[in-house]
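Asks: Sequence:
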Amino acid sequence: MEIVNEELQKNLNKVILVKLRNGTEIRGVLVGYDQHLNLLLTNTEEINPKGGVKSGLMIIRGDTVLFISPSI
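Using full-length UniProt numbering, the first residue of the sequence shown is number 1, and each one after it goes up by one.
Hints in this document: simulated from the structure, not taken from any laboratory.
Backbone N, C-alpha and C fix where the C-beta goes; we use that ideal spot for every residue, glycine too.
It is possible that part of the hints are untrue.
[What the hints assert, rightly or not] Here are the computed distance ranges between Cβ atoms for each label pair:
1) 32 to 67: 12 to 22 Å
2) 53 to 12: 29 to 39 Å
3) 6 to 50: 30 to 40 Å
4) 42 to 63: 31 to 41 Å
5) 51 to 5: 27 to 37 Å
6) 5 to 50: 13 to 23 Å
7) 50 to 2: 33 to 43 Å
8) 64 to 14: 17 to 27 Å
9) 4 to 50: 30 to 40 Å
10) 20 to 56: 13 to 23 Å
11) 31 to 3: 12 to 22 Å
Whenever a hint applies, use it, and build me the whole structure from the sequences.
Replies: Quick look at the structure:
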């Protein structure tokens, strides 16, 4: 878990891509997280084949996260 914490810390205030267990992909700026991998993102966008759906602030529950990746 220490490695996960270090990587999340490196990516604070940077754009990340989060894939959820239901297949949804969310891109946004990581502004916070906790020990349960709950994520707080701002300037979010739901990525789908038809285009992105922009949102504002989003809280993602940690048990729904499949993976987190730095976004390009």
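Asks: Could you run down the list of hints and mark each one as holding or not?
Replies: Evaluated hints:
Against the hinted window of 12 to 22 Å, the Cβ-Cβ separation of residue 32 and residue 67 comes to about 19 Å, which satisfies the hint. Between residue 53 and residue 12 the beta carbons are some 24 Å apart, a value that contradicts the proposed interval 29 to 39 Å. Evaluation of the 30 to 40 Å hint for residue 6 and residue 50 yields a pass: the beta carbon distance comes to about 36 Å. A beta carbon spacing of about 21 Å between residue 42 and residue 63 contradicts the range 31 to 41 Å that was offered as a hint.
At about 34 Å, the beta-carbon gap between residue 51 and residue 5 stays in the expected band of 27 to 37 Å. In this structure the supplied range 13 to 23 Å is violated for residue 5 paired with residue 50, their Cβ-Cβ distance being about 35 Å. In this structure, residue 50 and residue 2 meet the distance hint of 33 to 43 Å, their C-beta atoms being roughly 39 Å apart. Taking 17 to 27 Å as the suggested C-beta distance range, the pair residue 64 and residue 14 conforms, at roughly 21 Å.
Take residue 4 and residue 50: their Cβ atoms lie about 32 Å apart, and the range 30 to 40 Å holds. Between residue 20 and residue 56 the Cβ separation comes to about 18 Å, which falls inside the hinted range of 13 to 23 Å. Evaluation of the 12 to 22 Å hint for residue 31 and residue 3 yields a pass: the beta carbon distance comes to about 21 Å.
Of the hints listed earlier, those the structure fails to meet are numbers 2, 4 and 6, in rising order.
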